[in-house]
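Protein chains: 6
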Amino acid sequence: MSDFTHWNEEGRPKMVDISQKDVTTRTAIAQSTIALSTKLYDAIQNGLIKKGDPLQVAQIAGIMAAKKTADIIPMCHPIILQGIDFTFNYQKSENGYDLIIQATIKCSGKTGVEMEALTAVSVAALTFYDMCKAVDKTMVIKETFLVQKTGGKSGDFFHK
Amino acid sequence: MSDFTHWNEEGRPKMVDISQKDVTTRTAIAQSTIALSTKLYDAIQNGLIKKGDPLQVAQIAGIMAAKKTADIIPMCHPIILQGIDFTFNYQKSENGYDLIIQATIKCSGKTGVEMEALTAVSVAALTFYDMCKAVDKTMVIKETFLVQKTGGKSGDFFHK
Amino acid sequence: MSDFTHWNEEGRPKMVDISQKDVTTRTAIAQSTIALSTKLYDAIQNGLIKKGDPLQVAQIAGIMAAKKTADIIPMCHPIILQGIDFTFNYQKSENGYDLIIQATIKCSGKTGVEMEALTAVSVAALTFYDMCKAVDKTMVIKETFLVQKTGGKSGDFFHK
Amino acid sequence: MSDFTHWNEEGRPKMVDISQKDVTTRTAIAQSTIALSTKLYDAIQNGLIKKGDPLQVAQIAGIMAAKKTADIIPMCHPIILQGIDFTFNYQKSENGYDLIIQATIKCSGKTGVEMEALTAVSVAALTFYDMCKAVDKTMVIKETFLVQKTGGKSGDFFHK
Amino acid sequence: MSDFTHWNEEGRPKMVDISQKDVTTRTAIAQSTIALSTKLYDAIQNGLIKKGDPLQVAQIAGIMAAKKTADIIPMCHPIILQGIDFTFNYQKSENGYDLIIQATIKCSGKTGVEMEALTAVSVAALTFYDMCKAVDKTMVIKETFLVQKTGGKSGDFFHK
Amino acid sequence: MSDFTHWNEEGRPKMVDISQKDVTTRTAIAQSTIALSTKLYDAIQNGLIKKGDPLQVAQIAGIMAAKKTADIIPMCHPIILQGIDFTFNYQKSENGYDLIIQATIKCSGKTGVEMEALTAVSVAALTFYDMCKAVDKTMVIKETFLVQKTGGKSGDFFHK
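Residue numbers (UniProt numbering), protein chains in the order written: chain G, 1 to 160; chain D, 1 to 160; chain A, 1 to 160; chain S, 1 to 160; chain U, 1 to 160; chain E, 1 to 160.
Just so you know, not all the hints are guaranteed correct.
Just so you know, same-sequence chains aren't split out, so a pair can sit in one copy or run between any two.
What the hints assert, rightly or not - When the alpha-carbon atoms are kept at most 25 Å apart in a straight line, the in silico DSS-like pairs for lysine-lysine are as follows:
1. 142 x 160
2. 160 x 39
3. 68 x 21
4. 137 x 110
5. 137 x 21
6. 92 x 137
7. 142 x 68
8. 137 x 39
9. 137 x 153
Bear in mind the hints are in silico, worked out from the structure with no lab data behind them.
Just need the whole structure built from these sequences, with the hints factored in.
The structure is reproduced here in structure tokens:
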């Protein structure tokens, strides 16, 4: 199955040769959701962490992690990222609240930024957990997935 | 709410002072699950990636990421990890297969290794995604959570 | 001059052998000051960067850099930091405002955390510069120095 | 105030989207000064650190730090640096000597290298401090600032 | 001797200015050999490390290290690598077996990837040593050298 | 074969659990040799790189790499190094000169520093190559091996 491009003939992982691919503008959006209790949500909203905002720390951590993606994910190519931003939205859920985290990443290069976007939201979710775990360790990081990507030979991709 | 220990009086995040805490043996287990299609599962099982094994790459990436946790999660204390191992289990699901990833981490120190275990499984899941995404980009990383922790003043914790 | 402990007999830098030193509680406080124009100070105070706060980013960057000190300063020993916090104070100056940044670091180890504290305030100052340089590139980072250190065989030190 | 380009609408820091900017040749020069006592200056000049030269270590540390800038300063874009060099000059001061450190950095890219140059001189100064602090802990890092930058849409900049 | 391009007029190392060099396609192949005992070779071949394969770990470590070359070798320029693969071959030797490791790296840039290829094989050899040293610490890493490079103004190079 | 301690039951590499091991003083010495032509040796000795000294850069790079060992070698435990120094000796060889590089590392911990010493000399040799390759690309890094280690349950080890 030639689709497993990340493997060589001996079954060992390689960094795929992209030297012949075109430089195009590429974007990727990834999403992660973290489920929190009403108690924790209220504590955050009511300013019980004073002026502090866990989303600030989560966004900074996510951006810094996106820049480290090629150091974290073994076969990722180094990429010169050209822009990263996040949105955060709280939604009432059955048992409390869901915090929906989205990261959008842009670059122009020979390979896409899907892994960078997925790494960014994963680390943002882990950082939110870390900043709030003294109050509630039962938080669960729920669905983490690629929402969309554009650019590159394999074409655009939209989840679902 | 004094429980938000990661914040100082001005609402800015700090690295909590743990100098007065005791050195104890600490363990943490975290879990992440990745949903894959039957097509992708069959390709892996039928050896279509030849001798290659995405779980090898995922485990190595997860162990290396656990060692980088204090560099990835802003307020994490540096910790001298003393042992890390993973289990991987495939389970039939409604729409394909679930790969259940667990990491167990040990150390003796003044603070726990929950974030290290959560980072390890998150990066293992992201790496599995990266190694297989040429075949199927629709994989979703599902529940990521702390299964249990032992050791430390705040006592043991078991999910649910 | 035996005081130049960081050099070997051939005049090349070495990492000093501290294996015979005692583990003691050690603290260090370092300070850096950044001079900004009244125009920039007013923009920040009047909320012209909306809810954003450059001190949040500076503090997070400073804490993360302190953890990287042994990777940045060639002959520094790796140290397990146990607590870091910052204070920030604006003071009216002759030509605008001074932002006075102090970092306090704690550990128990065989060597001190002076370089970690100096690195923390330097990176916090550089980050403040980066977050505001689109408004004013003329900011100057003024005096950066070790305010005090305690613990260790060489005794306590207080600036001036 | 649209000039605070590093912040999004919610007041959280973002990595600015530079994908539409032109690739141009860019240079930056930054300067830092470190004040040292006559006693320390004499010890260095009289070869009391044998053949050793703290400026060698400072220059190497500064070049390596410049390459890490995007990992140290949270919102900095990764940049492919194309050349870095330093000058060091000792000058007699009122109370001893001033060591004036300048770093010049070149690249061709979509964003400038000001932060890289400032990081380079800051880390060179911190490293000089580290290599000599066993002799004299009272050294003070004095003015650190951007001397000039060229290239890019915002035009050239010269200090004062 | 102007050939020592990595040094400035004061005898301190600099990162060479490559801004005027052309972007060309560049490749490099490096080789390292590790000598192992018949006992260790047999243990690996007979599956005594069960399904485990030290070459998997060595290849992954070598690829990740190649991406870190500019962080490890002080005067190396950062480079955007575009493809890395390895070959491993065991050969009977006088006293046991030789494992011959070759890495091939591709990029298009202003400077070559010789140091990246040499770093890749060196780290692959060190990792093989680490994975097997519990069985046999007497392994010796033998000749490590640049096999060939193509591209760039200085022309192609072939060992011997 | 239980000696392959770095592998779990499924044949995947793990970070060995050392939590039950004793903290002891540990040392390791490793050696690497680089063969250089008479032309290159003479150029260095005759001061053709002015005041510059490739051994300075090699030693600094080796010390910094030793501190990164757990980040470079996948299954290495993080270790708090307590002292590192190098010796360099040139010896006349059949075809030119051999530069013999030795690194000595100390720590007190639950696991040894063999990989740190081997990484230190390997990176020192690679850095020497990088600093001189503009003059002569035919240098070969010859035998790299563990000279001795002391401390730890497995006892002392001396090469040959």
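Right, here's what the structure says about each hint:
1. 142 x 160: Both: 17 Å inside a chain and 16 Å across chains, each within 25 Å.
2. 160 x 39: between (33 Å within a copy, 17 Å between copies)
3. 68 x 21: Classified as both; 23 Å inside a copy, 23 Å across copies.
4. 137 x 110: Close across copies (18 Å), not inside one copy (41 Å); limit 25 Å.
5. 137 x 21: Only across copies: residue 137 and residue 21 sit 20 Å apart there, 45 Å inside one copy, limit 25 Å.
6. 92 x 137: within (19 Å within a copy, 29 Å between copies)
7. 142 x 68: Classified as both: same-chain Cα gap 23 Å, cross-chain 23 Å, threshold 25 Å.
8. 137 x 39: within (12 Å within a copy, 36 Å between copies)
9. 137 x 153: between (43 Å within a copy, 15 Å between copies)
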